[in-house]
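> Letter by letter, the chains look like this.
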Amino acid sequence: MENFLTQTLVYLGAAVISVPIAKRLGLGSVLGYLIAGVIIGPFALGLVGEQADVMKFAEFGVVILLFLIGLEVQPSMLWDMRKAIFGLGGAQVLGTASAIALASLALGLPWQTAMAVGLVLAMSSTAIVLQTLDEKGLRQGPVGRAAFGVLLLQDLAVIPMFALLPLLATGAVVHAEAGGGHGGSLVSHLPIWAQTLSVFAAVAGVIGGGRYLVRPLFRFIAKARLREIFVAAALLIVVAVASLMQVVGLSPALGAFLAGVVLAESEFRRELESDIEPFRGLLLGLFFITVGAGVDLPLVARQPLVLAGVVIGLMTLKFLVMFGIARLFGAPKRGAMAVATALAQGGEFAFVLLSFTVGAGVIGAQLAALLTAAVAVSMALTPVAMILYERVAALMDAAIPDVVPDTGDFDEGEPDIIIAGFGRFGQITGRLLAANGFKSTVLDSDIEQIELLQRFGRRVHYGDATRLDLLRAAGAERARMLIVALDDREKTVELVETARKAFPDLVILARAWDRRHAYDLLSNGADAVERETFESALALGTTALQKLGFRAHRAHRASAFFRRHDRRVFEELRPMWGQEEAYILASRDAAKTMDRLLDADLHRMRPGDAGGAWDTASLDEELRERAQQEGTS
Amino acid sequence: MSDASTGRVTPSTPGVLLVLAHPALERSRANRALAKAAKGLSGVTFKDLYETYPDFVVDIETEQAALVKHDVIALQFPLYWYSTPALMKEWLDLVWLHGFAYGEDGEALKGKRLFVACTTGASAKAYHMHGYNRFSMDEFLRPLEQTAHLCGMEWETPFVVHGASVKDDAALKAEAERYKARVASLLPKSVEA
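Chains as they are written, first to last, in the working numbering: chain Z, 1 to 633; chain L, 1 to 193.
The hints are simulated quantities; they were obtained by calculation from the structure and are not laboratory data.
Only a predicted model underlies this, so the values are computations on that prediction, with no experimental measurement involved.
Glycine included, every Cβ here is placed at the ideal spot set by N, Cα and C.
Watch out, some of these pointers could steer you wrong.
Distance ranges between label pairs, derived from CB positions [said to hold, decoys possible]: (1) L:Phe56 x Z:Asp487: 31 to 39 Å; (2) L:Pro188 x Z:Arg568: 29 to 37 Å; (3) L:Pro188 x Z:Asp487: 33 to 41 Å; (4) Z:Arg478 x L:Lys110: 18 to 26 Å; (5) Z:Leu540 x L:Glu61: 46 to 54 Å; (6) Z:Lys439 x L:Arg27: 20 to 28 Å; (7) Z:Glu625 x L:Trp155: 23 to 31 Å.
Input sequences plus hints: build the corresponding full structure.
This is the structure in structure tokens:
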């Protein structure tokens with residue numbers, strides 16, 4: 001326990017100190033984590049011990065990352081991306097593997113080893129690429145999509161690689177199943193057909209489970225209204241899928257991605273996203289630290305030139321091959337450069353595959369150690385390479401004003417309006433807006449309500465709208481308006497206050513409980529409010545007047561006058577709000593005004609009168625006088 | 001609701017009260033262009049009736065105060081069934097009352113000027129003895145002319161844009177400029193500058 005706390009202290013401390021510094025220096029968070037790792041690693045300060053366990057734990061960050069990405073990808077989008085995945089991705093893996101294999105062959109390695117090295121180093125780092133692209137704001141555009149397609153295929157390619165690599169063995173097979181999580185599956189002793197079958201069964205299980213099991217489970221949990229259990233359930237799903245994939249020998253990250261895609265269309269998507277997001281960040285940070293700590297500094301010190309040569313050769317080769325392929329697939333020069341730079345490092349799969357190949361007797365331990373260090377250094381250099389790319393791109397921009405068009409993103413399109421609370425109040429407002437062609441995203445924390453609405457085909461998301469991260473996930477940054485229609489006084493004020501601070505340009509309309517609540521909301525930043533019972537009470541009053549014998553038009557006008565008066569008083573009293581005594585005095589005065597007005601109305605609109613505005617009494621009198629004059633003259 | 005009806009012009013600088021009535025201004029090219037051209041003039045108070053009173057419940061006191069405050073009352077509207085749109089008629093019915101606008105004690109508008117700006121779908125040719133509308137615009141606007149007379153107001157020559165829906169952008173722009181100049185000419189010299 002004590003050891004655990006110390007370790008946690010070291011990791012967290014290193015991250016907290018180095019990441020903000022790296023960010024400030026413009027190096028990006030990934031490089032910050034990596035540097036922190038190198039510093040606390042066994043070869044520098046030696047503050048942390050055995051990396052293998054931490055590494056395995058940290059790799060879970062990649063799994064979560066893929067799950068989150070899956071949540072953003074609707075199945076139809078995946079189909080649209082087939083060219084990027086199979087075309088671009090396939091070409092990248094084959095092209096890069098061949099190029100590296102040829103280079104290795106030229107350096108004097110036997111062909112089997114050369115091929116293995118090529119395959120292993122063709123992989124790129126999902127975690128580093130996506131994090132870096134995210135930071136540069138490139139992930140949603142065409143560059144991000146191309147990179148993502150390639151990474152996805154690499155994940156797929158790992159599966160046959162585990163089958164293929166042992167066939168390249170040159171030396172004695174030490175132990176073919178030494179590859180840890182990825183190669184050593186529980187089903188590997190089964191015949192090939194059974195293995196294939198189990199893979200299909202697992203994938204079908206994830207899809208079927210996601211469709212028919214997870215949603216009722218979440219609904220059940222949501223009814224309990226315990227947020228931490230919801231978080232636990234979300235993590236449970238990711239862990240369960242990852243374990244299942246490991247059992248059948250698939251990449252856990254790939255499984256998590258699949259689970260994400262299956263859940264992308266569920267109403268819990270936003271909530272899942274914002275619940276799991278913090279874990280992703282922390283675990284990925286941990287992952288980067290372990291990569292940094294894994295850099296074998298003595299090896300670097302012993303063979304600095306060899307290592308530098310391998311790293312530079314690796315990155316240059318990967319860059320050139322990817323750049324060529326991207327250009328062949330029609331990417332503009334800048335976009336191709338960005339993708340190629342982003343994918344130029346070795347990936348975390350390389351670590352796993354390298355230890356696996358050593359076990360399988362394909363690559364010698366010496367070479368594996370060198371390559372492991374090279375991959376780690378190349379990962380660390382990726383943020384630097386991206387900075388370099390930006391410099392070059394800026395120079396290119398200065399030369400030719402060529403703008404890469406950004407064609408959409410993964411999402412279904414930003415909503416015009418976010419409606420928080422879709423109960424008795426919100427749904428009327430929401431229906432009116434939808435009927436007039438406005439797109440809205442609905443957030444509600446009542447699961448029964450959500451189920452009902454889904455039966456009518458509405459897009460509703462589960463979640464507590466007072467949470468800023470959920471608002472953000474719902475698109476509050478780009479939405480035009482937020483309508484707060486929650487059935488909870490305090491939460492309404494809280495949400496208005498939070499949203500006003502975070503999104504100064506958003507138009508915020510709120511449902512108010514009563515007059516005081518309305519003032520409260522206005523002073524917390526709502527642009528307009530509506531007292532929830534006011535209009536309906538007025539409407540009932542109008543009906544009452546009609547039933548009491550008023551003609552419809554007169555009843556309508558009576559209530560319209562009443563509304564106008566009340567709204568004026570509401571505005572007049574607003575400056576007094578907060579000064580209790582002044583408010584009470586002024587509202588007493590307003591009550592008097594109301595009395596006077598009601599008196600006047602009563603006088604003017606007495607039943608049997610000609611009635612209010614169309615009072616022709618004075619004209620009639622004048623006309624009578626005139627008739628008399630005409631008669632007498 | 002009362003925000004839109006409070007004028008920018010103070011009692012000491014009386015100008016033009018420009019009252020617009022169009023139930024679907026978002027679809028009207030002509031009336032939007034005309035209003036846009038004229039409402040920016042200093043000395044002009046602009047009032048969009050359908051925006052101010054979407055429920056037709058006209059505020060009599062506010063409207064009467066605005067009328068009193070201005071020297072020139074300008075009514076801008078598309079001709080509907082040879083008359084004003086419904087809300088402008090409602091506004092006249094409710095605000096131009098006996099004892100205020102006309103009658104023995106009704107002298108609030110006396111000496112002011114009434115100016116009508118009107119758009120029509122049909123071409124100028126239709127508003128003629130031999131056209132399909134059979135009467136001239138002057139004849140169709142008689143009720144308003146007589147309203148001015150009964151209230152002791154001067155009747156300004158109306159400003160009419162014919163064939164408003166078939167005019168192209170350039171033609172509309174020219175009409176808007178002509179309108180702006182006309183409204184400006186109604187302003188007292190001190191305000192116009």
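> Take a look at whether the Cβ-Cβ distance between Glu625 of chain Z and Trp155 of chain L falls inside 23 to 31 Å.
Given a distance of about 28 Å, which is inside 23 to 31 Å, the answer is holds.
> I want to verify a distance hint. Is the separation of the beta carbons of Arg478 of chain Z and Lys110 of chain L within 18 to 26 Å?
57 Å, violated
> Could you say whether the range 33 to 41 Å given as a hint is met by the Cβ separation of Pro188 of chain L and Asp487 of chain Z?
57 Å, violated
> CB of Phe56 of chain L to CB of Asp487 of chain Z, is that within 31 to 39 Å?
Once the Cβ atoms are compared, 34 Å apart, the range 31 to 39 Å for Asp487 of chain Z and Phe56 of chain L holds.
> Taking the Cβ atom of Leu540 of chain Z and the Cβ atom of Glu61 of chain L, is their distance within the range 46 to 54 Å?
Since Leu540 of chain Z and Glu61 of chain L have Cβ atoms about 28 Å apart, the given range 46 to 54 Å is violated.
> Falls inside 20 to 28 Å, the C-beta gap from Lys439 of chain Z to Arg27 of chain L?
Cβ of Lys439 of chain Z to Cβ of Arg27 of chain L: about 23 Å, so the range 20 to 28 Å holds.
> Indicate whether the distance between the beta carbons of Pro188 of chain L and Arg568 of chain Z respects the range 29 to 37 Å.
33 Å, holds
This entry does not satisfy hints 3, 4, 5, going by the numbered hints stated previously.
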